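Quick mapping for you: the protein sequence lines, in order, are chains A and B.
Counting with our numbering, you get residues 1 to 241 for the letters of the first sequence.
Counting with our numbering, you get residues 1 to 126 for the letters of the second sequence.
Keep in mind that the hints were calculated from the coordinates and are not lab data.
Possibly wrong hints are sitting among the right ones.
To be verified - If the Cβ cut is set under 8 Å, some of the chain B residues that face chain A in the computed set are:
id	residue
1	Gly15
2	Ile43
3	Leu49
4	Ala75
5	Val78
Said to hold, decoys possible - Pair by pair, the computed Cβ-Cβ distance ranges are:
id	chain 1	residue 1	chain 2	residue 2	range
6	A	Gly194	B	Ala93	34 to 42 Å
7	B	Asp104	A	Lys238	47 to 55 Å
8	B	Pro37	A	Ala237	54 to 62 Å
As the list claims (entries may be wrong) - So these bits of chain B aren't anywhere near chain A, every CB distance computed over 12 Å:
id	residue
9	Gln38
10	Arg60
11	Gln85
12	Val108
Source: prediction; values computed, not measured.
The beta carbon of each residue, even a glycine, is placed where N, CA and C say it ideally should be.
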Amino acid sequence: MVAWPAEEVGVVGCGGTELAEGTVALEAARLVLTELRPGQTVTVSLPLFLTGGQDEHAFAKVHPTVAVDGCAKRCGARALGAYSREPAAEVVVSEVARRFPRLRLLSRRELGPEGLELARHVAEEIVRLVDELRRRPSGSWAARVHPAGGMRSAGGACPCSSGAPPVASLTVAGQRVGLVGLEPIMEDLGEREGVTDEELGSELLRRVKVYNYVLPAQEAAYETALLQEFAAYRAKAKRQR
Amino acid sequence: MSRRFGKVLVVPCSGDDDAGGALGREAALIVVEELRPQGCDTICLPRLLPGEPEAVARVRDLPVLAVDGCARRCASRVLEHAGAQPVAALCLADEPWAPAGESDVAQVVAARIATQVDELREELGW
Chain A
1 MVAWPAEEVG
11 VVGCGGTELA
21 EGTVALEAAR
31 LVLTELRPGQ
41 TVTVSLPLFL
51 TGGQDEHAFA
61 KVHPTVAVDG
71 CAKRCGARAL
81 GAYSREPAAE
91 VVVSEVARRF
101 PRLRLLSRRE
111 LGPEGLELAR
121 HVAEEIVRLV
131 DELRRRPSGS
141 WAARVHPAGG
151 MRSAGGACPC
161 SSGAPPVASL
171 TVAGQRVGLV
181 GLEPIMEDLG
191 EREGVTDEEL
201 GSELLRRVKV
211 YNYVLPAQEA
221 AYETALLQEF
231 AAYRAKAKRQ
241 R
Chain B
1 MSRRFGKVLV
11 VPCSGDDDAG
21 GALGREAALI
31 VVEELRPQGC
41 DTICLPRLLP
51 GEPEAVARVR
61 DLPVLAVDGC
71 ARRCASRVLE
81 HAGAQPVAAL
91 CLADEPWAPA
101 GESDVAQVVA
111 ARIATQVDEL
121 REELGW
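The following block holds chain B by itself, in its conformation from the complex (with noise of 0.2 Å):
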């Protein structure tokens, strides 16, 4: 992979009829305001919607993480759609988020993101 040195897209769906939307936009903004602020950023899923150029350019320049609520995988098809191809994606609806006595799974879900961008990175020597 080729990509100029830059930050990780962390990109959710944020869709809000269902809880996992809420839960991958909460735990993406852990990610990109306090976990990883160096490392990665975030783009306006809907931005891509009507097709801005301006943000287009952005998801097929910077390696993109898609946080996906639920099965429908809206946040990967809408990159998709762009022109982004994500390195990688993450489904809320894949596997239980929320551990026994883990409180905050919110932090759960970010330091799995985390984990993911940080590989990321050391995958394109970042």
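Just chain A, with the same shape it has in the complex (with noise of 0.2 Å):
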């Protein structure tokens, strides 16, 4: 279960079995979650997507992905660009390991101490992608990362192909606007004590412009509008009790 929304990246590797690049495509997901990016990057099992994990396709839809392929096949990047969103970016291990063409690997079962070489530096890839995915501007994730660097446009799975992405609707300075993650934004927030309404109100537009373009002259507008919204939403939550 994917646990969203805040500004993790999601890291999807392949893990095929016909060839040891897939074993080292988890290795280096698994170093990068656990190891060199915790808290920053979250997993995403690629089964999932196609067998209804609806949390995952829409994790996929508002979070960037990075697909870490074994090979040129591009299998994960594939499956995400065809049931949630295309990744962000991409790493292919094949590809990586025509720059260290004396790491072997010894098996798919037991990468051996080359192989785990080799993962580590799959996983300094991802790190680099990451990083750069992080320091986006808000709502221009979308972009893709290649890894000779460089952006082009992601595109975006057809909503109504595999569940749209959460929208929810708000008012700002008399105008009605549709925003991407709103309500697991404010569930997320929903239980903080303590924060005073100026810290709350700068909390949730920062966080609602991870996902969604605000153009700084409404910022202000904004941050009123959803630190309103914000109450009737915890008014709500509190008469559900």
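Since each chain comes alone in its own frame, lean on the hints to assemble the complex.
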């Protein structure tokens, strides 16, 4: 189960079993998740995309993901594109391995010391992409990061094909706007106690901007509207208890 | 069952958000690489997600043993979605896999998979 929202980047290892590179993909993803960028990355289980994991579908629609594929078939990236949204960045183990020809993989089950070293190189590549995605201005992560640098549009899956991203409407300065991820953001912040309205408004705006573009001139109006909406959300939640 | 002579495909989910996924993957690879290299093979489950024709044809043509790490049974369901009919499935959520005194659980699971592979091959007359 994916816990969202926060500004995590999803890391999806293909985990293919035909090639040792699939094992490298999983090991590299594990290194990133547990050692190199814990708290900033989450794993997204690839088989769940096909089997109706709505959390996974929604997560990948509103969060950037890095697909880590073992080989040039790019099954992980293709599955993400087919069932949720194209990944914001990709790493292909076999391509990274070409830069380190001396590193031999022992087997699919046991990578051996050289295989583990390759996994660390792949993990470093993933980290570079994760950091770049997290540095992006809000709302711009959908532009893809290429391993060699540069960007292009990631496009996106048709919402009718696999469930629309969670969009909620909000009235900002008299205008109705749609915001991606608003409800989960409120759910996540709903339990926080002991914060001032100023801190809360700032945090709400900061999180909303991760998934939505907000004109700088309208930030104050958004913050006011978000605080009002949040107060209504809390009151409703209290009544339902 | 009339299938041409071949290998049993052992297909783990390899789910990485559950310990069962890693265990199933490890056990499946022990069987494929060490215990029954002549009698079985595996196929990358992710190849079936975008519906790669060659992979889809393979799982439809050969007997498949799905190894699922948890009750969501993703491997079985992905295989069924691809048109395969797994002739057997092992779900690691169904029973405890760490018998008292047993330190290598993956070997225990692998032995169970190998037994199922043997039974399938015998049933098919292979």
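task: Find the nearest Cβ of chain A to the Cβ of Val108/B and say whether that gap is larger than 12 Å.
output: 16 Å, holds
task: Measuring Cβ to Cβ, find out whether Gln38/B lies farther than 12 Å from everything in chain A.
output: 17 Å, holds
message: Under 8 Å is the threshold here; is the Cβ of Ile43/B close enough to any Cβ of chain A for the hint to stand?
response: Holds, because the Cβ-Cβ distance from Ile43/B to chain A comes to roughly 6 Å (cut-off 8 Å).
- prompt: Is it correct that the beta-carbon of Arg60/B has no partner in chain A closer than or equal to 12 Å?
  reply: 17 Å, holds
- prompt: Does Gly15/B pass the interface hint, meaning its C-beta sits closer than 8 Å to a C-beta of chain A?
  reply: 5 Å, holds
- request: Could you check the hint for me, namely that Gly194/A and Ala93/B are 34 to 42 Å apart, CB to CB?
  value: 40 Å, holds
message: Min Cβ distance, Ala75/B to chain A: is it shorter than 8 Å?
response: 7 Å, holds
- prompt: Can the suggested window of 47 to 55 Å be confirmed for the beta-carbon pair Asp104/B and Lys238/A?
  reply: Since Asp104/B and Lys238/A have Cβ atoms about 52 Å apart, the given range 47 to 55 Å holds.
- prompt: Does the nearest C-beta of chain A fall within a distance shorter than 8 Å of the C-beta of Val78/B?
  reply: 5 Å, holds
query: Do Pro37/B and Ala237/A keep their Cβ atoms within the hinted range of 54 to 62 Å?
result: Given a distance of about 57 Å, which is inside 54 to 62 Å, the answer is holds.
message: Please check whether the beta-carbon of Gln85/B is more than 12 Å away from every beta-carbon in chain A.
response: Consistent with the label, Gln85/B stays out of reach of chain A, its closest Cβ about 17 Å off (over 12 Å).
field: Closest C-beta approach of Leu49/B to chain A relative to 8 Å, hint status
entry: This interface hint holds because 4 Å falls under the 8 Å limit.
Checked against the numbered hints above, the structure violates none of them.
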